[in-house]
Each structure stands twice: as structure tokens, then as C-alpha cells.
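First to last, the protein sequences are chains A and B.
My numbering puts the first residue of the first sequence at 37, with every later residue one more than the last.
My numbering puts the first residue of the second sequence at 37, with every later residue one more than the last.
Among the hints, erroneous ones may be present.
No copy labels: a pair is met if it fits in one copy or bridges any two.
[Claimed, not checked] As a list, the in silico BS3-like pairs of lysine-lysine whose alpha-carbon atoms are at most 27 Å apart: (1) K275 / K289; (2) K239 / K179; (3) K289 / K272; (4) K239 / K305; (5) K305 / K236; (6) K239 / K181; (7) K272 / K236; (8) K62 / K289; (9) K239 / K272; (10) K114 / K236; (11) K272 / K179; (12) K305 / K114; (13) K236 / K315; (14) K172 / K192; (15) K70 / K299; (16) K172 / K315; (17) K63 / K192; (18) K315 / K70.
Quick caveat, the hints were computed from the structure, so don't treat them as lab data.
Letter by letter, the chains look like this.
2 protein chains.
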Amino acid sequence: MNITVVGLGLIGGSLALSLKESGFAKKIIGVDNKENHTSEALELNLVDECQDLETAIANSDLILIAIPVNAIVEILPKIMSLIDLQIVMDFGSTKEAICETISNHPKREQFVAAHPMAGTENTGPSAALSGLYSGKVNIICEKDKSSERALKTALKLFQELSMNVIYMDPVEHDKHIAYVSHLSHISSFMLGMTVLDIEKDEKNIFNMAGSGFQSTVRLAMSSPEMWAPIFNQNSKNVKSALTEYIRYLQIFKEALEEHNSEKMLELMKEANDIRRVLKK
Amino acid sequence: MNITVVGLGLIGGSLALSLKESGFAKKIIGVDNKENHTSEALELNLVDECQDLETAIANSDLILIAIPVNAIVEILPKIMSLIDLQIVMDFGSTKEAICETISNHPKREQFVAAHPMAGTENTGPSAALSGLYSGKVNIICEKDKSSERALKTALKLFQELSMNVIYMDPVEHDKHIAYVSHLSHISSFMLGMTVLDIEKDEKNIFNMAGSGFQSTVRLAMSSPEMWAPIFNQNSKNVKSALTEYIRYLQIFKEALEEHNSEKMLELMKEANDIRRVLKK
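The following block holds chain A by itself, in its conformation from the complex (with noise of 0.2 Å):
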């Protein structure tokens, strides 16, 4: 089938190349307000060819949607107004917001949310991978709100490119990704910030960093443009999620501060716990 990617990033990029690669699709066109991207998408092969969001739907069995959620929320009604019988696809890291605007839209049945947990801390055409998504975990929203057609070339599109497909509630969603997911980037972000901080009275401080900091300041190199309004459309479940984590600090502070050894062990115990998640 005819697939159209709108939004050449990371996520984009990486869709057009693994689907391409795989077969299903027979040919890639990629839409992208930045000129840059596009022209970057053409050389890199990520996509056959660039056209106008209208010609591309107009050329398109399926047309994917990874751009910033707020851009999401701006463009998904009007492409769902533009749609014949095409299957619109969106893979943002919020879902509430972003099914909320169409919830009422007459074509509503042809769109797929998702959000697949997949990234990188790289941006742009040039961040593209095509094994990004093998292997991991794929959210669909809303799946009754699908018609069955639209449901079946989505779970075809998440086996093609060997995904784990789970089913959620959009308030359910962005409550758990907000700790999950968004936590953890403010977590690195600022970790980043506080250590570029004392870095301008200290020079050479970076010559002593090993791969423990490197795993923590990692998702500190994430997009900006991406992730403020992700933080901006799931504020309150990332603000809870943040007074948690600003709680525990504070808690940890306080045991740092008394050299309450007990109270340092006992709390770091029972976060050793995380291992039973992680290595499971």
C-alpha cells in the first residue's frame, strides 16, 4: 500500500524505513513543513517522495502522524476531513487530548491511536533507524472507537515491524506514561542542568563522568520541541508524578542530612525492587 508519513523526525523516519524495508509499503511519501527535513528524508531514502499534505492524503491507503502532540491536536481533524476511505494512524506520547479532538469526528472510525515505546534521544531525518521499534511495546487507545478494517491494518502494520501491541484507556494512559516516561526526562533534564551548572566554576568536572551518569543525563539530549508540549497536554498527571519524585528527594535529603544510615538503606532496599521490573 501507498503509506504517507507526516513528520520526517526520529519517529517518522524510522517508520518510513522499517515499513519499506518490510514491504508493506510499496511506496513512502513524506510530508514535513520543514524544508530541511524533507530534502533530508529524499537523500537519506527514507521516503520515495515529498508532496503537500493534501496530494499526499489524496495518493495515500494509510497515512501515519508523528509530529509534536500539539501539532497532533492542530492537524488530525483537518486530515480526517480530507480522508476518503484512507486509515489515519497517530503516534504521539499523549493520547487524551489527541483522541478528545475527534472523538466526535464522522470519520472517526478510521483513525488508530498509538503510541509506541520506541525513541531515541536523537531528532531529525538523520535519527532514523530501522529497528527502532522490533521487540518493543506498542499502546493502542481506544481500539473500539476503530472500525475493524482500520484496527486490522494497524495490528498488520505493529507485526510488520515486530511490536508488542497492548490496549489502554487514553486517561489511563497518559496518567501511567507520565511516570513511566515523562518523569523519567524532567528527571534527566534537570539532572543535565544541575551538573552543566557547577560545571561553570568547574572545567574539567565532565573528564570524571562514567556510564552511571551517562544512563541518567541520557534523555537530557531529547528534542525540546517535542517534549514541551507533551509535558504542556499531560500537566497534571506529570505535575503529580514530579511532586512524588520531588517528595522522595526531599525524604533522602533529610536522611543525608541526620547521616541517618537506616533511613538511606531502607529506602534504597526497596527501590532495588525496580529490579524485578527491569530484568523480568
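Knowing the structure of chain A, use the given hints to seat chain B on it.
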């Protein structure tokens, strides 16, 4: 030469493996007050034999100490008083208290204070890896207080491990390391706590966790028994780092509450500068 390794966990076990493989050590003698560690280290062929501390020292040319930093401070003066011509090195993650504890010892010049910036979140003899140190940075403190012979032996050892050596004052070391290592661990431990806490109500939350979450929370699997003494010995510096970190998280939370995208973007763009450091 014959080498005694005191402490047969991740750090000591990896030293034993690497130094035996490279031929730098003719014989490795293990010392550990946990019986399951000595039996496991023998089974895994990390060491050639295990002896009590006094016998091991008498049979060695070089003594490497790789135990929690509170135990180093206790055992180091005792070891220094037991040696004849042997050279002693420690591998603890703090340096001020350790250097201080033997600053006036008559055999001070037979000691080299080191901190290899290498590790994983795993613990015990089974966590030992022969390539753990390769390509990593090692910090030597107070090199002028070590004799030429002791320093030469230490440099040869780090060369065998393929490590890059930098020199630093112990007070500076402890201040900087609070930011680029100790803080990362607290941020990760408490991130683990926050998410495990919410999991009590939301059973399937971890099905959603992707590689970003794993990266930021990996260090929460680290050994509490190793880290509590580090935080205690370096509490002044760790407190400063943690205070700054919490301050930045609160600034971000405020921006989030005010839906202040400009401020969030500004903070994240500044944090992006960490790329300069990590990609070099």
C-alpha cells in the same frame, strides 16, 4: 607479582579477572569476610586462593582494597601497619576521608589512592567482568604523597587495565564526584521509589516502560550497602548537589503548573548542552 584483592565483589572481582588475564598478576589471593563471596570467587576462578588478611598480605607484593568506603577507612591503617615493602591501593568512590585516615602514617608513601570510574548496577563475585575497566577513566589522588615506586606500580596496573589516568586533589575529587556520580545514583534510586509507589495501585504500569525509563532508573539497582557509606562520607557535597537538583526540579514544576512553554523550552534547551559533554 602476587596480588591480594580485599573485597571480591564487582570492583575487586573485575580487578582480579583482568589482572590475571593480562598476566600482570602471577597469583591472585582473595580476602573477603563473607564466606559465600570467597567460595563463589574460587568457583568462578576469580582468584587462585583465599586467605585471611594477615597471611594474604605476607604473601603479596601488592594489596588492592575494593570494599565499601566506611570499611576502607577502618581497615586501611591496619593494613598499612601490617605491610613490609608491599604497595597498597584503594578503589573507593570517596577520597578525602580515606586519604585523611593515613595522612600521617609512617608508610603513607607505599599507598596510592585511586577511583576507577567504572561499575555496573550488579553486585557480588558473579558481577565481575574482565573488560569492566577498559577505556575508562581512573582518578589518582595525592600522587605526590606516594613514592615513585608505588606510583609506577599503580600506573603500570592502570595501563594493564587500559585505563586513562587523571590526577586530582581528594577534596576536589569528592566535590566533583558528588555531581557526576553520587547525585545520579540518588536521582535514580528515588525515581525507582516514585514509580514503584504508583505501581501499588497500577499493576500493569511496567508493561509500558521503554528504554528511556530503563536508562534513567538502571542505577536504582545498585548496592545500598556500598552506597550508604559513600553518601555519608561525602554528605556535605552530596547535599549541595541534591539541593541544586531539587531546586531545578521545582523551577521546572513551576513552569509546568503555569503552562509556561517558553520557560520549559528554555530549561530543556540549556540541558541539551549536555550533548557537548557526552558526545565528545
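Going through the hints against the structure:
no.: 1; hint: K275 / K289; in the structure: both (21 Å within a copy, 7 Å between copies)
no.: 2; hint: K239 / K179; in the structure: between (53 Å within a copy, 21 Å between copies)
no.: 3; hint: K289 / K272; in the structure: both (26 Å within a copy, 11 Å between copies)
no.: 4; hint: K239 / K305; in the structure: between (35 Å within a copy, 20 Å between copies)
no.: 5; hint: K305 / K236; in the structure: between (35 Å within a copy, 17 Å between copies)
no.: 6; hint: K239 / K181; in the structure: between (56 Å within a copy, 25 Å between copies)
no.: 7; hint: K272 / K236; in the structure: between (34 Å within a copy, 20 Å between copies)
no.: 8; hint: K62 / K289; in the structure: neither (57 Å within a copy, 46 Å between copies)
no.: 9; hint: K239 / K272; in the structure: between (38 Å within a copy, 21 Å between copies)
no.: 10; hint: K114 / K236; in the structure: neither (47 Å within a copy, 41 Å between copies)
no.: 11; hint: K272 / K179; in the structure: within (24 Å within a copy, 53 Å between copies)
no.: 12; hint: K305 / K114; in the structure: neither (51 Å within a copy, 31 Å between copies)
no.: 13; hint: K236 / K315; in the structure: between (38 Å within a copy, 19 Å between copies)
no.: 14; hint: K172 / K192; in the structure: within (15 Å within a copy, 45 Å between copies)
no.: 15; hint: K70 / K299; in the structure: between (52 Å within a copy, 24 Å between copies)
no.: 16; hint: K172 / K315; in the structure: both (15 Å within a copy, 26 Å between copies)
no.: 17; hint: K63 / K192; in the structure: within (17 Å within a copy, 59 Å between copies)
no.: 18; hint: K315 / K70; in the structure: between (41 Å within a copy, 26 Å between copies)
Of the hints listed earlier, those the structure fails to meet are numbers 8, 10 and 12, in rising order.
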